[in-house]
Amino acid sequence: MAGLDIFQRQYGRAADILVQQIELSGPMPLTAEMHSRLYAALANGCHLPQMWASTQRLLRALTPKLELSSQRTDWLPYLHAIAAQCQTLHDVALEAACALHIGHLYYLGGEYKPAQSWLEQARAHFERLADRHGQARALNMLAWVALRTGNSATAAELANGALDRLDAHDTERAHSFYTLGEVAILQQEWTEAEAYMRQSLRFWEDAGDKRGVARGLRNLGPVLVNLQDPDAAIACYERAMALFTEINDASNLAITQMNLGIAYRKRNEHQAALQLYTQAAGAFRQMQDHLNLAKVYTNMGILLRMLGQYHAAAQIQNEAIALWRKLDNRRSLCNVLDGLGQTLMLQGQWDAAADVFQEAVALLAADQNDATCAGLYDLLRAHLQQATTGIQQQQEPGITQLSAKA
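So in my numbering, the last one in the sequence shown is 434, and the numbering has no gaps at all.
Derived from the structure by calculation, the hints contain no laboratory data. C-beta atoms are modelled at their ideal positions from N, C-alpha and C, and glycine is treated no differently. Among the clues, some could well be false.
Said to hold, decoys possible - Cross-link-like lysine-lysine pairs, in silico, DSSO-like; alpha carbons within 27 Å at most:
#: 1; residue 1: K354; residue 2: K141
#: 2; residue 1: K93; residue 2: K238
#: 3; residue 1: K93; residue 2: K141
Stated by the list, open to error - FRET-style restraints, in silico, Cβ to Cβ:
#: 4; residue 1: T306; residue 2: T101; range: 23 to 31 Å
#: 5; residue 1: K141; residue 2: S53; range: 30 to 38 Å
#: 6; residue 1: A393; residue 2: K354; range: 17 to 25 Å
#: 7; residue 1: K354; residue 2: T306; range: 18 to 26 Å
Please put together the full structure from these sequences, using the hints given.
Dropping the structure here:
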């Protein structure tokens with residue numbers, strides 16, 4: 029028993045030191061050495077119920093850092109073990125926090141089914157605790173899952189539910205307005221989207237949160253691009269990149285590089301765009317960020333097709349398709365299938381193009397009346413007709429071949 033007492037005291041002191049070091053790191057990601065020490069501490073904490081208060085303090089200090097890790101999934105086994113111990117000790121508050129962060133890590137990894145399951149558990153725990161702020165956080169994260177799985181109406185409903193639970197000045201409202209802005213983007217309601225994104229940004233600015241401000245600037249960028257103001261979008265992205273660089277946030281920096289590449293493509297600065305896409309893709313592969321890797325591959329395919337590099341475009345589009353299938357995002361999958369079909373038409377591969385368009389039309393048929401899918405569905409049908417005409421003309425001698433538009 030004396031040996032156990034000594035070990036428990038050592039654990040308590042080590043946990044306190046780790047909490048201090050986490051707090052001193054500010055907004056910066058944790059070092060590799062800190063990761064190793066924290067893994068060991070959490071593994072021990074699961075088996076020391078008498079030192080649970082130390083484990084609670086350590087986990088609450090750690091959770092804001094989890095998404096900044098380059099190896100996010102490495103935290104999951106430790107969080108699962110802590111969540112199980114929470115059940116044993118009837119610690120509903122820490123169990124709710126664990127479920128929330130487990131769900132968020134699964135979301136960041138593009139694993140939306142387990143993400144939704146854990147976030148629903150978190151929501152239930154916060155309701156049991158009558159914790160309205162916690163409920164709102166869970167609802168906002170569930171809204172992000174709904175967005176990524178093509179359920180924009182559900183996402184809007186969840187975001188509004190979060191707003192209903194939050195005080196007027198709660199910074200969590202920034203996440204709700206971001207979701208509503210994303211829904212407006214999908215509906216191509218650009219003025220409404222800008223208003224929501226600016227509301228979100230104001231909350232981060234008022235809070236003095238550098239990472240939040242950088243995200244807010246980045247989220248505003250795509251709206252400005254579609255409002256035909258790429259110069260303003262580029263200015264937002266460059267400010268965001270400077271902030272992400274300052275706080276050493278490699279993940280969000282890569283996402284912003286990808287978005288900046290889109291703005292450069294809109295401004296016909298194609299080589300600059302391709303360089304940014306390539307840099308971002310390397311970072312996403314290293315971080316195993318399948319969602320954003322799928323996005324950057326989709327954008328690279330568009331650009332390579334515009335540059336007339338059809339073989340390279342088709343290769344990268346097929347990689348994007350494989351990722352979107354894994355992510356189970358039907359709308360994004362159909363969008364890149366449409367891009368591949370256009371590439372194949374430009375190569376004169378009418379039969380292969382028709383097969384691709386036919387698959388996409390079938391996949392999207394159930395959503396054709398959804399405001400966020402209707403335009404893509406009509407475009408796919410038009411492209412399918414174009415490919416079908418190309419096949420017919422190919423089979424009829426003396427008929428001039430159709431040329432597909434890039």
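Tested hints:
1. K354 - K141: 12 Å, holds
2. K93 - K238: Since the Cα atoms of K93 and K238 sit roughly 14 Å apart, the hinted pair holds (cutoff 27 Å).
3. K93 - K141: Within the cut-off at roughly 23 Å; holds.
4. T306 - T101: 23 to 31 Å: Holds, since T306 and T101 (Cβ atoms, about 25 Å apart) stay within the stated range.
5. K141 - S53: 30 to 38 Å: 33 Å, holds
6. A393 - K354: 17 to 25 Å: 22 Å, holds
7. K354 - T306: 18 to 26 Å: For K354 and T306 the Cβ distance comes to about 22 Å; the hint holds.
Violated hints are absent here; each numbered hint is respected by the structure.
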